[in-house]
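> Listed below, chain by chain, are the residues.
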Amino acid sequence: MKITNQIEHLRNLYKELKFEEVIQFGMITLPSSLDEKRYTDALICYEYIASAYFEIGCFENFLVVMKEYEKLCITYGNDHNKMVFYYLCSLSHVFGNDLEESIKATKKSIRYAHQLKRDGLIVINYCNIAAILALINQFEQAKIAMRLANYYKQNLPNVNDAIVRGSTGALFYLAIIKDSEEFYKTKQEFLQCITEKQPFYSKVILLAEALLAFNIGQVQQSNSLFEQVYQKIKVGKNKILLILINTCIEQFKLKEQFQYTNELEQFMKSMNKDLLKSANIQSVSKDVFLDNIQANTFKYPNVVSKESIIEYVDNMISQKNALYCIHWCFVTKELEDLFETQYVEQLLFPLFEKIYQSIFKYDAKVHVLSKNKGEAFIINMNEAELYALLGELEKNLHSLEIYYSTGSVKIPIHFGFIHSTKLPENQVSYDQLVAFAAAGLYYAKSHEQLYIES
Amino acid sequence: MHAKIDKADCMFLISDEKFNQFQQLIKELEFFTLILPFDKESYQQSMIILDIWYLLSTKETDRITNPENTMIYPYRKYFLEIVKKGQIKRYIQLALYENEKLAFLCAIYIFKEFDTIISEKMALNEDVADQFIALKKYSENSLRPYFDPKYIEVENYPRQLALIQSAVATELQAIYQKFKLPFSWKFEQAIDEASKIYEAVFGLINDWGGRVP
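If you're matching them up, the sequences are chains F and D in order.
Mapping of the first sequence onto numbering that gives the first Met the number 0: position 232 corresponds to residue 231, and the numbering continues sequentially without gaps.
Mapping of the second sequence onto numbering that gives the first Met the number 0: position 211 corresponds to residue 210, and the numbering continues sequentially without gaps.
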């Protein structure tokens with residue numbers, strides 16, 4: 000009960016924009032949630048602490064918290080946690096200057112938001128992604144995103160936290176596409192929404208105005224606005240906004256006019272450059288939430304996510320490398336009837352390891368399909384080597400028996416495989432190879448064979 | 000959504016041009032596909048959406064069913080049969096023939112609504128629920144390789160898979176017979192939602208599929 004109240008208090012503090020207090024109070028609630036193994040509450044604490052660090056512009060701490068948040072989210076995160084995590088992750092990538100990763104993360108956050116019917120986060124994400132897409136000149140997609148944001152906004156009450164947060168993204172989007180009329184209309188609506196919170200948001204609004212001024216050719220005005228923002232934020236050292244200003248000053252070649260160039264350069268030198276490489280947060284590219292591979296990724300770097308394996312196979316095919324696709328499957332139905340799923344997974348884990356030990360003697364990449372299924376792609380392997388490998392795996396794994404107090408149960412293994420040269424050249428693709436390997440596995444399984452020769 | 004799909008798996012004999020158009024739409028309208036849940040993302044999902052898109056955007060006289068695929072994919076065949084029975088307002092139907100984007104959005108929303116209702120109803124029948132889950136496990140890839148002639152020596156056809164598909168397809172027919180009305184509402188709701196979101200993003204729909212000036 001105590002923690003529930005604390006979380007509620009945290010939520011209220013955040014709504015009132017008392018970010019310093021959110022951090023202080025969150026840092027008290029977080030350890031007690033973790034001590035009591037209340038991971039759902041701990042995840043909410045991380046969400047608020049990370050968001051608060053972001054709002055006050057403390058980029059280093061934001062990233063540190065995000066890394067911890069990610070770890071807990073992988074193990075205990077529900078769809079809501081993942082939705083928020085990906086949203087914050089997308090912000091970190093924007094400031095780490097990895098816009099492609101930011102776009103990927105935003106799309107994932109949107110999907111979770113759709114699943115949970117959270118129109119608020121859909122709106123915020125669409126506004127943000129519109130700004131990012133406009134920044135990389137994908138104006139058509141940006142326009143669609145912005146219109147979708149407006150569409151989902153209809154479902155929200157007029158004064159809403161999501162509208163406030165989304166408005167900043169919308170302002171940047173409109174500034175980039177030089178739509179002054181819509182910019183000032185949105186700004187007015189934004190100001191009406193935030194009323195007493197205006198001083199906090201004034202810096203972001205000024206920054207967006209500076210961007211708009213530059214884009215519509217008012218360079219002097221733009222420079223003066225950048226200077227005003229700089230003056231406002233240099234006291235509080237909002238590093239996130241400082242990074243933004245620095246990026247703009249550099250890109251717009253305003254260094255000579257901008258009177259704080261030296262100070263800003265000093266600040267940027269003092270920043271830990273490595274931290275800015277937000278690739279530290281790996282969930283986006285490796286997609287650990289969607290693939291149950293986390294444990295093995297560390298021990299076996301060639302055990303990769305689906306996204307990575309598709310990319311790898313596409314590369315190999317485009318480089319005209321011939322490769323084997325192998326699927327395997329342990330039949331665990333009997334085992335699952337006897338034992339609980341977690342125990343079955345524990346039993347299977349060393350068996351997967353045995354497979355890796357044999358397969359990684361070759362140039363292979365592996366992707367885990369489910370707790371009892373996997374796929375491997377191996378290059379530079381001839382037919383004799385394949386059969387040698389299957390023989391080795393058969394020796395180590397075929398019809399393993401698990402003994403328990405009143406008997407024993409077998410865990411048969413089956414394989415399906417295809418070599419890329421067996422398919423017409425124009426049809427070789429990840430999907431085709433996988434489909435044929437899966438079909439081979441199907442026949443091996445239904446005929447209780449180790450594999451079916453094709 | 001899977002962009003790398005094989006046109007040979009479509010329930011219709013589809014031209015390269017039309018197929019490329021669909022693949023282009025997957026990229027162009029990616030944001031609209033984000034309403035599809037992660038766990039439903041699969042090769043077969045994309046294929047069903049292609050089937051529905053082609054069905055909506057092509058006049059009946061111009062559609063040629065792929066006979067081979069009606070045998071390989073009986074579940075998809077019946078899914079499509081249900082979609083065919085949906086009522087569409089005349090001006091939307093006319094627009095669908097002209098406007099591939101609108102047809103794409105309608106296909107996404109119809110798939111989402113139907114898949115939800117079918118999954119709910121399948122779960123109610125214990126005997127078929129397991130078969131339905133088993134069939135979903137095959138949805139990651141094309142099923143054509145299972146029917147490849149090289150396996151004839153092993154088995155005439157993939158018997159186990161065929162039994163699962165047949166059980167699920169039969170249940171789907173029974174579900175539709177029992178819940179015709181909810182299916183019809185869901186269909187209308189899907190077309191409505193898709194049209195609304197289309198108009199919000201691309202402009203008003205008129206009966207030749209373009210924007211109202």
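Misleading hints may appear alongside valid ones.
Unchecked claim - Here are the in silico distance ranges between beta carbons for each label pair:
#1 GLU35(F) x GLN159(D): 24 to 30 angstroms
#2 GLN230(F) x GLU97(D): 36 to 42 angstroms
#3 GLN356(F) x GLU187(D): 38 to 44 angstroms
#4 TYR403(F) x LEU162(D): 30 to 36 angstroms
#5 SER118(D) x GLY216(F): 51 to 57 angstroms
#6 THR115(D) x TYR259(F): 43 to 49 angstroms
#7 GLU97(D) x GLY216(F): 27 to 33 angstroms
#8 ALA383(F) x ASP147(D): 41 to 47 angstroms
#9 TRP184(D) x PRO423(F): 54 to 60 angstroms
#10 ASP78(F) x ILE87(D): 39 to 45 angstroms
#11 GLU154(D) x ALA383(F): 40 to 46 angstroms
#12 ASP114(D) x ALA383(F): 42 to 48 angstroms
#13 MET270(F) x SER118(D): 20 to 26 angstroms
To be verified - DSS-like, lysine-lysine: derived pairs with alpha carbons at most 30 angstroms apart:
#14 LYS305(F) x LYS136(D)
#15 LYS370(F) x LYS332(F)
#16 LYS100(D) x LYS421(F)
#17 LYS332(F) x LYS236(F)
#18 LYS103(F) x LYS100(D)
Said to hold, decoys possible - Derived list of chain D stretches under chain F, where covered just means 3 residues or more per stretch with a C-beta under 8 angstroms from a C-beta of chain F:
#19 88–96
#20 138–146
#21 158–171
#22 196–203
Simulated from the structure, these hints should not be mistaken for lab results.
C-beta atoms are modelled at their ideal positions from N, C-alpha and C, and glycine is treated no differently.
> Against this structure, judge whether each hint is valid.
For each hint, the structure was consulted:
1. GLU35(F) x GLN159(D): 24 to 30 angstroms: violated (48 angstroms)
2. GLN230(F) x GLU97(D): 36 to 42 angstroms: violated (56 angstroms)
3. GLN356(F) x GLU187(D): 38 to 44 angstroms: violated (57 angstroms)
4. TYR403(F) x LEU162(D): 30 to 36 angstroms: Since the Cβ atoms of TYR403(F) and LEU162(D) sit about 32 angstroms apart, the hinted range of 30 to 36 angstroms holds.
5. SER118(D) x GLY216(F): 51 to 57 angstroms: holds (55 angstroms)
6. THR115(D) x TYR259(F): 43 to 49 angstroms: violated (56 angstroms)
7. GLU97(D) x GLY216(F): 27 to 33 angstroms: violated (41 angstroms)
8. ALA383(F) x ASP147(D): 41 to 47 angstroms: violated (24 angstroms)
9. TRP184(D) x PRO423(F): 54 to 60 angstroms: violated (46 angstroms)
10. ASP78(F) x ILE87(D): 39 to 45 angstroms: violated (33 angstroms)
11. GLU154(D) x ALA383(F): 40 to 46 angstroms: violated (27 angstroms)
12. ASP114(D) x ALA383(F): 42 to 48 angstroms: Roughly 46 angstroms apart at Cβ, these two residues keep to the hinted range, so it holds.
13. MET270(F) x SER118(D): 20 to 26 angstroms: At 50 angstroms between Cβs, range violated.
14. LYS305(F) x LYS136(D): Answer holds: LYS305(F) to LYS136(D) is near 16 angstroms, not above 30 angstroms.
15. LYS370(F) x LYS332(F): holds (12 angstroms)
16. LYS100(D) x LYS421(F): violated (38 angstroms)
17. LYS332(F) x LYS236(F): violated (59 angstroms)
18. LYS103(F) x LYS100(D): Given pair LYS103(F), LYS100(D) holds - Cα atoms ~23 angstroms apart, limit 30 angstroms.
19. 88–96: violated (count 0)
20. 138–146: holds (count 7)
21. 158–171: holds (count 3)
22. 196–203: This one holds; 3 residues, not fewer than the three required, reach chain F with a Cβ under 8 angstroms.
Of the numbered hints listed earlier, those contradicted by the structure are 1, 2, 3, 6, 7, 8, 9, 10, 11, 13, 16, 17, 19.
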